[in-house]
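Q: Here is what each chain is made of, one letter per residue.
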Amino acid sequence: MNASNHFNVLARVLHWTMAAAILAMLFIGVAMVASLGQREWLIALHRPLGFAILLLALLRLGNRLRHAPPPLPADLPRWQARAAHASHWLLYALMLAMPLLGWAMLSAGGFPVQMTPALQLPPIAPRDPVLYAWLRSAHGGLAYALFATVLAHLAAALFHAWVRHDDVFASMARGAPRPIPDDRPD
Amino acid sequence: MSAFPPLLRRAWPLAAIAAILAALAAAFAWTASWIGGPRLTAQRVTDAIEAGNGRIHPGFRRAHAKGVCVTGHFASNGAGAPLTRAGMLAAGATTPVLGRLSIAGGDPHAPDATTRVRSMALLLAGADGQQWRMAMNNFPFFAVSTPQGFYDQAVANRPDPATGKPDPAKMAELLRRHPEIKRFQQWAKTAPWADSWGNTGFNGVNAFRFTDAAGRVHFVRWSMRPRLAFAAMDKAKRAGAEADYLADDLQARLANGPLRWGLVLHVAAPGDPINDPSRAWPADRQQIVAGTLVLDAAQDQAEGACRDINYDPTVLPDGIRPSDDPVLAARASVYAQSYNRREREIARGQAPKTAHRESAR
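Sequence order for the protein chains is A and B.
All letters in the first sequence, in the order written, are residues 4 to 189 by this note's numbering.
All letters in the second sequence, in the order written, are residues 102 to 462 by this note's numbering.
For the record, the hints were derived by calculation from the structure and aren't laboratory data.
Yeah, the Cβ is synthetic: ideal placement off N, Cα and C, and Gly gets one too.
A portion of the hints provided could be inaccurate.
[Stated by the list, open to error] To spell it out: a stretch of chain B is covered by chain A in this simulated footprint if at least three of its residues, at any positions, have a beta carbon under 8 angstroms from a beta carbon of chain A; those stretches are:
| # | stretch |
| --- | --- |
| 1 | 113-124 |
| 2 | 223-233 |
| 3 | 431-443 |
Using the sequences provided together with the hints, build the complete structure.
A: In C-alpha cells, the structure reads:
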C-alpha cells in the first residue's frame, strides 16, 4: 500500500472540516429564513461561516489541482465512476458558488456584508433589485441542490464502506497505514 | 452472521444507509419547518398579512404599502455618544438618509384618512459602510408583546366574508389571549390624528442594546420628535380629505423648506420592560436629544430609492444591537420575507405599477 491510495492530510482535514461547516450552513440557512426568533444570531453566523467556506474551498481546489486524488477502484462500474467524478466537481462548484452568490445577493440588495458587527466586506455586485431577486432565488435553490448532492455523496461513501468494502471511504477517512505487518484477517 | 443468506447481508447496510439519509433529510425538513406540526414562521406571518390584505399587490410592501420616499440627512450633536460607540452618533457626524413615510395597511392606493397608523422608516448610510435602519410608527407602544400575538391579531382582523367585518367572537378571544391589545385600542380610539407626516412623532417601540466606548451596555428606545407643532385633524376634516393628502401636504411643506425631527433616546432604568414593546416606559426616564433628522426632498415610491430598501430594524451600526425583544426579531424575519416576495415580483415583471425603472430598460 502506498500513500497515493489516500488523500493527503490537507485534503482530509479540509474535507472533514468543510463537511461539518457546509452541513451546518445548510441547516442554519433553512432555519434562519423560517425562524421568527433565532434569525439574528443565525444570520450573524451564516455570513462569516460562508466566507470561511469560500476561502477553504479555494484552498481545497488548489490542493486538489496540485495533488491527484487516489484512483477509484478499477472494478467500479463505469457509470458509478462517472457519477463520482461529476458529483465531486458539482460539489466544488457549489461550495464556491454558494458563498459568492450570498455575498453578491447582499450587495445587490444594498445590505452591509457584515462579518462581525465592526467588520464588513465590500459589495461585489451593483445595487439592483432585479439582480437581487435572481441571486436570492439562486442562493436558495442551489442550497437545496447542494444538500441533495451532499446526501448522494454520503450515500455513495457509505456504499463503498459497507457494501463494496473497498478502499474509497478509507482513502478520505484516514491516512495511509504505517508500513508495519498487518496480521488482521482480510 | 454467516447464517444470513447473502441477499440479507447486503440488505442490512443498504437499509442503514437509507435510514441515515432519511434521518438527515427529516432533520433538514424539520429545521426548515416543513414538517413537525405548524409552527409560527416568517412565511406564515407574511401569509397572514397577505390574507388580511385580501389580495396581493405585486411589487408593493405587504404592510405599510402606501408611502413616499424621502431623502435628507441626520446631524448628530454628540449627546448620544456617551451611550454608544456608533460613529453616526458622534459629535458633528452628518449621515445621509434614505427614508420612507407611509401609512399602515396593505393597500398601496388606500385613502390616507382611512388609516390610523403612520410610519417613518430610515436608512442612515454611514461613511464607513455601516448602516442604521429604523422602522418607526406614530403609536407610542406596540399592540402586542409577542409574534404570536401579532399573528393572532392578523388572523382575527380578517373580515368575515358574511359581514365584511371581523368576527366579534374571534376579536373577543384575541383580547382574552392578548389583553395588552386593549391598551393599543385605547390609544387608537383616543389619540388625536395629526394632519401631516411633518408634525407627527414616530417611535421605534422596540428596545436596543447600546454599547458605549467603555463597553458598558445601555438599553435604549428612540423616537423622532417633530419640530413642527402638532395640529390635529378631526373626523369631519378627515372625511373631506383627499385620498393622497399626506403626500400632497408633504410636497407643499418641502417646497417651503426642510422638515426636521429631533432624535430622542429614551434610556431604560433597571426593571423597565426591555423585551415587551407593548409596554411604554415611564415618562420620567432620561431622554437625550442626540441630533436632528432633516428631510428635504420626497420622491414617488416607484421612483425613489426607498422602493428597494428593506427597512429591517436589525441592520445596525457597531455599538447598537437588538435587544431580546421577540417582536423586534420577528420584524426582521417577516420584513425579509416581504422584501423577497416583492423584489421577485418586480424581477419577474409582475409589478407594472412599481417597475418604472425596469420597464425603461
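Q: Hint by hint, note whether the structure agrees.
A: For each hint, the structure was consulted:
1. Taking a C-beta to C-beta cut-off of 8 angstroms, the stretch 113-124 of chain B contributes 6 residues in contact with chain A, enough for the three needed, and the coverage statement holds.
2. Note: the stretch 223-233 of chain B has 3 residues with beta-carbon separation from chain A under 8 angstroms; the three-residue rule is met and the coverage holds.
3. Note: the stretch 431-443 of chain B has 8 residues with beta-carbon separation from chain A under 8 angstroms; the three-residue rule is met and the coverage holds.
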